[in-house]
Amino acid sequence: MSRPLAAPAALEHAALPWLQAATVASLLPHAGQLPLWLSLGCAAVLAWSLTQALRLGRLPPRWLLLLLVGIGATGIAIEYRSLFGRDPGIAILVAMATLKLLELRSRRDAMVLLTLCCFLLLTHFFHSQSIPTAAWLLAALWLIIAALLRLQTSILAPRPLLREAARLGLQAIPLGLLLFILFPRISGPLWGLPQDAQRARSGLAEQVEPGSIADLALSGEIAFRVRFDQAPPHRRLLYWRGPVLEQLQGNAWRPLPTRREPPRIEAISPALGYESTLEPSRQHWLLALDAPGAWPVAAELTANLSLRSREPLHERQRVRLAAHLDYRYNRDATPTELQRNLRLPGGSNPRSQALGRQWQEDIATPRERVAQALQLFAQAPFSYTLQPPPLGQNAIDDFLFTTRRGFCEHYAAAFALLMRAAGVPARVVSGYQGGELNPIDGYLEVRQSDAHAWAEVWLAGEGWRRVDPTAAIAPERIELGLVAALPVGEPLPLLTALRADWLLALRHRWDAANNAWNQHFLGYNAERQRQWLAALGVAADDWQRWALLLAGGGGLLLAGLAARLLWQRPRRDPLRREWERALRILARHQVNCPPGAAPLALLARVDELAPALAPAFARVVEIYLAARYGPPAPPPVAEAAARELRAAVAQLAKGNRF
Amino acid sequence: MGLSTVDRVKTAFFRRHRDGSGSIRLDRRRIYILPTGAGLLYALTLFTMLLGAINYSLTLGHLLVFLLAALGLNAMLHTFRNLYGLSLTPGPCTPVFVGESVHFPLRLMAAPGLAHRALEFLPAGGSLVCHAQCSDSDWITLPVPASRRGWLSLPRIKLASRYPLGLFVAWSWLQPEVQALVYPAPATTPLPSPLAAGGELASGREGDEDFAGFRARQPADSPRHVAWKASSRQAGEQPLLIKQFAGGSRPEYRLDWHDCMPGDVEARLSQLCGWVLAAEAAGSRYSLSLPGGEITGGHGPAHCQRCLEALALFPAAPA
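Chains U and W are the protein sequences, given in the same order. All residue numbers for the first sequence refer to my numbering, where the first residue is 1 and numbers rise by one. All residue numbers for the second sequence refer to my numbering, where the first residue is 1 and numbers rise by one.
Hints were generated in silico from the structure; no laboratory data involved. Don't take every hint at face value.
Computed spacing ranges between beta-carbons, pair by pair [unchecked claim]:
hint: 1; chain 1: W; residue 1: S87; chain 2: U; residue 2: Q590; range: 33 to 41 Å
hint: 2; chain 1: U; residue 1: L56; chain 2: W; residue 2: G150; range: 43 to 51 Å
hint: 3; chain 1: U; residue 1: A640; chain 2: W; residue 2: P145; range: 48 to 56 Å
hint: 4; chain 1: W; residue 1: T48; chain 2: U; residue 2: L556; range: 44 to 52 Å
hint: 5; chain 1: U; residue 1: Q590; chain 2: W; residue 2: P145; range: 25 to 33 Å
hint: 6; chain 1: U; residue 1: R584; chain 2: W; residue 2: G150; range: 49 to 57 Å
hint: 7; chain 1: W; residue 1: T48; chain 2: U; residue 2: L536; range: 53 to 61 Å
hint: 8; chain 1: W; residue 1: S87; chain 2: U; residue 2: L609; range: 34 to 42 Å
hint: 9; chain 1: W; residue 1: T48; chain 2: U; residue 2: W48; range: 23 to 31 Å
hint: 10; chain 1: U; residue 1: A626; chain 2: W; residue 2: E294; range: 51 to 59 Å
hint: 11; chain 1: U; residue 1: P17; chain 2: W; residue 2: S87; range: 31 to 39 Å
hint: 12; chain 1: U; residue 1: Q590; chain 2: W; residue 2: H299; range: 39 to 47 Å
hint: 13; chain 1: U; residue 1: P312; chain 2: W; residue 2: T48; range: 21 to 29 Å
hint: 14; chain 1: W; residue 1: T48; chain 2: U; residue 2: Q531; range: 45 to 53 Å
Short derived list, chain U residues pointing at chain W, Cβ under 8 Å [claimed, not checked]:
hint: 15; residue: G176
hint: 16; residue: E315
hint: 17; residue: V319
hint: 18; residue: F521
hint: 19; residue: L625
Given the structure is predicted, the values throughout are model-derived calculations rather than measurements. Ideal placement from N, C-alpha and C gives every residue a C-beta, glycine not left out.
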């Protein structure tokens, strides 16, 4: 079995496919994130490496590799305008790892490549930390371990190799989890997040003009999940408030700078507690239910009843909130506040403004003017659609008098403008409306497609009151959700479009699994760790105990693993066991048996020293010798021989007793 | 063999005593383990990854780093385990001539229920000589070049393994007490004139006339006598064949130290060695006379071996 090796460090050719597979598995998810030319280039290099491995060709010369590195680096520098930073860094590492495939000469090269692959596994998490990503990466890790193994041993066939790799990986899991739970977590960032880490994800409209939300409505992505302490309220009450837009410029409603003066809320219904888990939106809005009754310290309530977190939401965040669904708000609004909400830009949308002014003259009370506007939307040939026709310069005029087809923001923007023109203080609120209860885990899921815009008007004696013009034109939107409100044939958000029951059930399950993953696994951060440790009886600042727990637990797990690995199982040889039993019986009869004594020699001694035992022992010796030194027998025969021997030894013991 | 100071310290620090000729079982105290360069690179990478995971608050990144760290520690245990419990027993070795390699046989016995993979055997200060796997029991041979005649001891052997992941290297020093006899390198010179039946010198070169068959080539045979055609017909790595000739009565030779070409001791011994092999191959009786003693005439493998041993161990008196 021994063979001299030409060069101990040389890389076996047969190990190449493993290295290529591990590299591809760790790089592939990047293909969608990198610039197209780089992905194609990497694919070409990979194909080259494959053909080179198949044809046993020579590796390309070093100058060619250097040239390729140069081209890649230049391209990356041009593409990202820098060679430093997160994304160009990843691009460079991907290029290097791919080119390394053409430079695999020694085992050392292969080790460097595989270590690089481990590092690249981490970089996938910048883009996604979902369950499929985690599953893919575990598979890639498996391949990397298998490739590392393959570098060390050539004796294992692919299947045993994969099995051995899986064994190594699985054995590492308990210790890995222990470190995950107990290793002191530090809240990042350590050196500040680069600009590119903050790609905006939410499309919650910071300004509302006709057409701003419709794009977002096509996204089935989850914006946040809510769990109520009690039974969830009816969905028509679920208005999740984002920014309040008080300033109309042209056709667009925009927010005014945040004011700190506290809103005056009169709660009518008791507080309803709930916990909201917000996906990272890079924005400040906590999207609380109207009207907030309790909020975390890291948030503040603006004068407009919106909850803002002090820091933008870069990570998924869980906040504990409460709401009074029935409330009065700012009944005693100051004249400046009312004045601000009556202001109209001169010149734009003249027809709408004229219509409002006419209402102010014709209709006595603001309440009736509101009803008039809602009636207008309900009666005229207005329709609700996600594909509104394009509008001109005076978009609201065009919408109200020409196209009359629009989405929630069309109606909210037009309604608020009409109200201001009619002398009723009004403004637009952007946020989400409704949500879907997941029957699997009881969480209410609010998706980007639930994004909504509505209006608020101020009425004397009532304060600010919510008016949702969309409810007038498409009450199904509020009562049942977007899918029910849209006419057949409209494009629907991918996931929300599922109407078949079993598909819906499947989606519920998948969403619940994702939620559990987010809540229990991804949500495990420094704060959660402190809670966990407190549950274990270790205070967060009790470093000694903490270290003891970590070292003790890790040590125990390692010791257990070592014991499992090093425990040398005694050979389970039944013949040997019975034979030794027979020798012990002889020893009790003062027949001294040296450990290595030959059976027949021993039989002669027994004949001499304890003749009474000799016949029984002769039988034992006969069976033992036949089984041990006879021709090799198939397992059933061998087992029968062992049983026979056991019976003979029992006979010997019996002879002993009598 | 000049050892550097570092080597000397290492030798003093690590076990240096001989292990006897019995079995060596690798236990806790015999196995050393350290991370390899690749292992250090791996650790550095993990540290960088941890910083990245903290900075970007990547929960899954934390998990990956900790899994990889646990994998590294697990690999350390496995590397240790790969040597642990392995038993090595030296076996008998056959003598060789100077210039060849002694193949020291070593029987490997796996610990019950354990497999030992990717074992590397390296002589002290040398390079890899042998790569082995062992799951039950197995023989391996360690080739050691024989450069001097006499007894050749198996040098100190380093048994190392990086299995499974190459992140750690575990090793153990073995110094089983086995030695092999190395005969002098045979020189090809014509045999001295044979003795006549009564011990007189006779002339002529009987035994060269009639073709009598083939025999395997021995190092002392001249290339002129090789049967190239017949050899090429043989399959596999068999020794070359020599044409044997017979004719007349077999002469008896007296191989005397003083008949050798004048030269140093080793040259004379080489010449004598060549003569012994040639005489044995010719099927003749021969005696060997050395300054310290004499081996009387004889023939056959045992006689040949006795003569060769005397030559190998010269100037000790022949047994």
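(request) Hints the structure violates: just list their numbers, smallest first. (result) The structure conflicts with hints 4, 5, 7, 12, 14, 17, 19, although it agrees with all the remaining ones.
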